[in-house]
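Novice: As a plain string of letters, each chain reads:
There are 4 protein chains.
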Amino acid sequence: FSLWCFLSLIQFADQKQEFNKRPTKISRRSLSRSISQSSTDSYSSAASYTDSSDDETSPRDKQQKNSKGNADFCIKNIKQADFGRREIEIAEQEMPALMALRKRAQGEKPLAGAKIVGCTHITAQTAVLMETLSALGAQCRWAACNIYSTQNEVAAALAEGGFSVFAWKGESEDDFWWCIDRCVNVEGWQPNMILDDGGDLTHWIYKKYPNMFKKIKGIVEESVTGVHRLYQLSKAGKLCVPAMNVNDSVTKQKFDNLYCCRESILDGLKRTTDVMFGGKQVVVCGYGEVGKGCCAALKAMGSIVYVTEIDPICALQACMDGFRLVKLNEVIRQVDIVITCTGNKNVVVREYMDRMKNGCIVCNMGHSNTEIDVASLRTPELTWERVRSQVDHVIWPDGKRIVLLAEGRLLNLSCSTVPTFVLSITATTQALALIELYNAPEGRYKQDVYLLPKKMDEYVASLHLPTFDAHLTELSDEQAKYLGLNKNGPFKPNYYRSAAA
Amino acid sequence: FSLWCFLSLIQFADQKQEFNKRPTKISRRSLSRSISQSSTDSYSSAASYTDSSDDETSPRDKQQKNSKGNADFCIKNIKQADFGRREIEIAEQEMPALMALRKRAQGEKPLAGAKIVGCTHITAQTAVLMETLSALGAQCRWAACNIYSTQNEVAAALAEGGFSVFAWKGESEDDFWWCIDRCVNVEGWQPNMILDDGGDLTHWIYKKYPNMFKKIKGIVEESVTGVHRLYQLSKAGKLCVPAMNVNDSVTKQKFDNLYCCRESILDGLKRTTDVMFGGKQVVVCGYGEVGKGCCAALKAMGSIVYVTEIDPICALQACMDGFRLVKLNEVIRQVDIVITCTGNKNVVVREYMDRMKNGCIVCNMGHSNTEIDVASLRTPELTWERVRSQVDHVIWPDGKRIVLLAEGRLLNLSCSTVPTFVLSITATTQALALIELYNAPEGRYKQDVYLLPKKMDEYVASLHLPTFDAHLTELSDEQAKYLGLNKNGPFKPNYYRSAAA
Amino acid sequence: FSLWCFLSLIQFADQKQEFNKRPTKISRRSLSRSISQSSTDSYSSAASYTDSSDDETSPRDKQQKNSKGNADFCIKNIKQADFGRREIEIAEQEMPALMALRKRAQGEKPLAGAKIVGCTHITAQTAVLMETLSALGAQCRWAACNIYSTQNEVAAALAEGGFSVFAWKGESEDDFWWCIDRCVNVEGWQPNMILDDGGDLTHWIYKKYPNMFKKIKGIVEESVTGVHRLYQLSKAGKLCVPAMNVNDSVTKQKFDNLYCCRESILDGLKRTTDVMFGGKQVVVCGYGEVGKGCCAALKAMGSIVYVTEIDPICALQACMDGFRLVKLNEVIRQVDIVITCTGNKNVVVREYMDRMKNGCIVCNMGHSNTEIDVASLRTPELTWERVRSQVDHVIWPDGKRIVLLAEGRLLNLSCSTVPTFVLSITATTQALALIELYNAPEGRYKQDVYLLPKKMDEYVASLHLPTFDAHLTELSDEQAKYLGLNKNGPFKPNYYRSAAA
Amino acid sequence: FSLWCFLSLIQFADQKQEFNKRPTKISRRSLSRSISQSSTDSYSSAASYTDSSDDETSPRDKQQKNSKGNADFCIKNIKQADFGRREIEIAEQEMPALMALRKRAQGEKPLAGAKIVGCTHITAQTAVLMETLSALGAQCRWAACNIYSTQNEVAAALAEGGFSVFAWKGESEDDFWWCIDRCVNVEGWQPNMILDDGGDLTHWIYKKYPNMFKKIKGIVEESVTGVHRLYQLSKAGKLCVPAMNVNDSVTKQKFDNLYCCRESILDGLKRTTDVMFGGKQVVVCGYGEVGKGCCAALKAMGSIVYVTEIDPICALQACMDGFRLVKLNEVIRQVDIVITCTGNKNVVVREYMDRMKNGCIVCNMGHSNTEIDVASLRTPELTWERVRSQVDHVIWPDGKRIVLLAEGRLLNLSCSTVPTFVLSITATTQALALIELYNAPEGRYKQDVYLLPKKMDEYVASLHLPTFDAHLTELSDEQAKYLGLNKNGPFKPNYYRSAAA
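As they're listed, the protein sequences go chains B, L, C and W.
Note that my numbering has the first sequence beginning at 1, numbered continuously upward.
Note that my numbering has the second sequence beginning at 1, numbered continuously upward.
Note that my numbering has the third sequence beginning at 1, numbered continuously upward.
Note that my numbering has the fourth sequence beginning at 1, numbered continuously upward.
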């Protein structure tokens, strides 16, 4: 741990306010974000069977012990472990890549000696990841990156299985930081790897235990917000270990955005409104990967889709894909559904909502909850009526209603579920990034933010092909030579990226 | 009421058992069916806010009165009327055709003098229909055609509005017939029109009050089962009033099957299993309208779809639409999802389920609950595990699980919702059929089963076009003459039908 | 041949003018029609290698003999026989159903004793049909139904093979009737079956050799126009033999219209204009099967498609399929391509063409050449410029050009080709219809126009399934009983029809 | 012109053989390539009306003069100028971006003083580009980059318009280099910009007139091959002026590959074989942009499509898009059509062709003519039969035929046409690259190969939006600040690239 690094952290602490501010430029959406904004977002988990009616004692005040007498955890209720175990087993079936990694790990343990501290959503899928890391040789301590998203029964199963988990559904903000602290501030154990989702864990260590970075080999960060924070640190010369940005790997991006949203836009709209898509006029704001997914799905269901864009290249793509490119004001009076996918702010403002027709559905699939100016609807002349969970009717004085979903937060997180397969992509990417950073020869990675090497990105993809009974073709020696490629990849240059976000 | 008709009923009563037997040939699916089989099917209503925890007193034992002192109804709880009214108002917004009929009825009352007894699902959409019939001049008395499907709050709103409604959610079979009886067996009021869904009401009158048919101008029947019963009666020479089969109108068929199922297959699968469609291998049994809808939707979501068919014409269509036509045993080991849409029985039998792969999802979108041989799974060596509402894991001794949805009942009724717009098509068709039969000049309709006249079918469609801001082109006089058509339709011959079921 | 029949023909002759008038109501399009209108339509045959530059002597003036000395034919040039034979062999590979029929015929000859006189397009595909009929036991004499469509080399191969063929490319109208006459007016041979396409052959026999009908067992007619004439005859009580309308069989309809046009609209537009479809705004007039095919194809290529309709049921389907339903005048200024598929007349009139934008492409996929009012463009102020075969620029005084394809005739016949597979469906239908009529027990068919029995329609489809390696599922005895069906079909009622035309 | 640069060229000349060798690694396909390989490829030009039967005198031996007495050109026939002018005018209508550039150039002349020597296909679209460059202030001299692709009438129109054009259809290789030399080796005129397509012009100057580079401000190169040569030069330290790689701009890539091939695969197959796509089984080798376009189009037409891939990321995309990922040998026996889009060599080898079924169509949409091992079919036991232009039947001893298109060369160049709109994208990109290089401040570009700046790429796209009546949304100041973007772009980082090739 260099002096420079130490000094930089002092400055860093001074600049904490800036650190917590909204990112000023974020070009991609994420499924997660930091406490400052979204660690408190509600996050629906379809598979959560947690009974909210159980006892009110704070987990922090309970004596807890698993069946083997281990007490190094803090969760809601250890008795839910069996139920959580089944959830984990079900998730395992849709996370073939991690299971394959476990199998390969029977011979060698690439994470032997790794002490990983993690801060992510705690769900059945995360449990599969943690148990895989463990099978690969790592020790893990874990906290939740969101105060609402923990599946208590899964946390119980993990605790029962011997993991030091500190998380429950409905933490206070104080609980949140307490849990993180319990993960890192422990006698006789010091992490050498960080797996973060939102940057709060990294931030806490920077702030409280900067010396810990001496032993840390690297950070793996999964969220837009967290990655942004890391780039800020790097730019400011304050990043003192290598960091891997797994958010921007090609495979993960495609699944988080195009493939996931193609399905979740339909799911989210149906679950909340039971709307029929056929014949509906829809405007989709933004034709990045998320917008492309939404447009393709709705077109396939018989909707008439209009697109708005600011980038002429994406705009031209929308044209070639058969969507009329309009300005929002040209169609706002006639559309039945408005969907934002821009990553921008104030895309749908009050002026537009004033002109929408009765019954118009308004929702957000984009990066953050700023795309629809929901605040502008909180005025005395408008009446809000909650008609279902996540569905509000906002009623104008003349009786016109618009149907606002999830109060402008992300529809696919609030009103739909993220398929396990998508989470499998993410978790596998995280696991490989940890392995890469942990095993990289000295000097390969500097104190900077890196993208997952192309070859590992390809490896994530290849581990998921068996799910589809998909058979990859191998290059012959002659072909590999002709193309100037190694037979095992990488098959594309590092700069190769997925399509427009 | 002819002697012949009376006599026929005697025979009819003798053949009751046969009457209650499963139809021996049914070529189209329906959203409803009779008590003998499906009046007891569970029917999910997403908009139902009925609190199942309220008091246990049977509605039949309660004193009930609406705010105007009227007591001629029997429902769960009149206090829910306000809530039900809002549900009705929301439904009105998506039933533009009925609202348009109401408006046109301000001048003339085509149902003036009509006394309609109805037996249908009692939902917000039915309420819009009933209030439209009333606005057109009719008096109505109503019972439920299914013991589970009544929205209690809507029944309350109807009772508060002065309708004689006899229905609640969770009727016993005895309640079911009691409610129907209360609709028809009333001092000083005798129905002259029947609106039935499943044939139970018609059956009851035939059995108990055959004399009532003297005054009845016609029956409008909406279900496959009910229509089948009517054709049986007609064939046996026992139908003593004209009946209109509204189930088979072109517009209704397209919406009930193709358009509705195209959306509900995705919705039903997502809500129950959160499965990701992309890359999944799916086999769809049957390529009628329902199968076509399912295939189109899944293909659009990136699934690889196989089709089985018995009819070479439908089979060839599947080929031309890009689906591999297979026998079930050719793909049963490899598919991730099996969907039945045949109207047939024992399409997916135990032998196939024994060979499915671990995690395979099995569900039914077809006519009845016979397509999957669920009974064959109720054997000692298999374990059933209910993992969510409507989702069972059936577990083989070797640990293999298949995921059975809705216990083989209709997925789209059990695990999805029928969009109001689809119900609007049905309700409008029913209203026009009632008007047609009630106003038809003597002799136009004999004691037979009729399809809705082409022109009225077209009228149903035209009343729904404004929803889409769709503008119909009118024929010029010259063009009409050239085509040999009336400018106002019908535009197709009566025999013209929708595509393969 | 009854007296009544004879008398009726006298009246018939008097009404000849009416007979030759345009049909007043035609609800479906066809690939062929009568001399009065379309026997003179140009018909592109991609596979035609006929050298138009060869000798100018009329075939009628030539001495012709095949290698076996047979001279009972009249064609362009017997020397082209080898070339024609190869064309036929290639066609055989894509007409598996006829080849399968030939194989089955090795045991029995269902057409033994049949003497068939035919009048159809004479192409390689027709040759496969004729040789199949011959293999099934029939004797054939054949003329062309269109003065341009004969493939001379195929006619040569047929003549060389012993068929009495009377046809060449570029017949005069006098030649046309002379050829037909040579087919029927022959010493010692009298037809007992008629295979017609357009009704000209039937008309000729009615007019010239009414006595011939005494021995004729039936007429098989393939075209809209011909079928219309037969219905007129039947209505007037003048049809004196059974006739089979093969134009309206379900399988044929689907292929002629939906499946064929889905491909040929793209092909026809590309070959003539090289237009890029992506992003283009297109209006399709008419949403019958042809319109549905055009819309689906263009939507898939990234065009933005608008639809016009007069029938509210088809209109509603367009909405549900995701097309904006407009009146032509709403979009005429903005569209890049206008396609007519209505079967109507004067759908695109001068007023609309005056308002089209520069470069707008106008073409017709509908029934006849009346849909675009091409005559209205033949005015002095407009300049016509032929830029390619089948492509005219019509230039307004201000320099605006519209691109008119095939002078408003059928684009898919003029500028594209009909795939052999589609022709195979038609030819197989014709063959089965001939077999059915020839073998039907006395009395099954009266002097009326019949549709091909459902079961034979299904048989046509089933004969084509092996092409796609498609495997049909067979009903079990139990299932057949449950459905009330014969295990071998028919699987749908006779009234069952394909979707909207 | 530095001494270093001069010296490097000496070495360069020595390495000429290497220079002419096939590129060893090419990851993207192009529409053009060098004389060594593809300057001699046949290139179909649908709009070419050149009469191949006219006089046989070499243009080099003719006295030629345009109507103004100018003789500084060498073409086929100056009399065809009027006809060529009309072709150019028609092309202008589909090249709105260049026309817009001309308009903007009325005020300023960004190419004033530019002396551009060009070597490209000489077509109507190139003429629009040349006349635009001229309108922007440049002087141009031009040769053809392919010995077959020149539209003689267009060359005539250019010569008549005063351009020094040296090109005709059917040049010998000696003619080819002579024409290039005439462009550069001219008294009193020295080029300061190069626009090349394939690198032959650049190569010629390097070889013959290295001193010329002293005055040259930059090279704009359009082809894969030419770009590859430039990168080789750069790597070897021998590139002595800045070069702009316009082949890899995002907009151009999308159009050349995804959008263009989506349409041309259908067009190319139809024009050559009239195959019906519905129900056909197709295997597409390679799921880059070209493969994606082919797969999407064929799927939309009802084909059943299989995909082979070597790259797991592209493979996973194929799965998610609904295509079965196979190895070629798994499906080779059953498919009806095989399409290569890999950029690789020997993808379809004799062993596979031996196992194809009768009638299987084989074609190549990929980078070069190496993907299908056509040489392996030139063996004595196989018979080749040319059935149409670009269509060969290769016949096995047992009679099996495969249908080989364009002898394995690029189907879309040989058997289809490239839409003017796609060429407009390319030409606009070229024009902007010339402007950028010509006007760049000293030092912005070094002696290296550059991609077109993101902002100019976006500008190319924006110039094409009006064609689609597409309306771009502008960022508000507040939004631009939020996103950290300039309101006028660039909207994406420079590293942002289009999807997989």
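Hints in this document: simulated from the structure, not taken from any laboratory.
Hints are supplied without guarantee of correctness; some may be wrong.
Remember, identical chains collapse to one label, so a pair may be satisfied in a single copy or spanning two.
[As the list claims (entries may be wrong)] Here are the simulated lysine-lysine pairs, DSS-like style, with alpha carbons at most 25 Å apart: (1) Lys-207 x Lys-235; (2) Lys-327 x Lys-357; (3) Lys-454 x Lys-207; (4) Lys-327 x Lys-487; (5) Lys-357 x Lys-207; (6) Lys-62 x Lys-79.
Novice: Run the structure past the numbered hints and jot down the numbers of the failing ones, going up.
Specialist: 3 and 5
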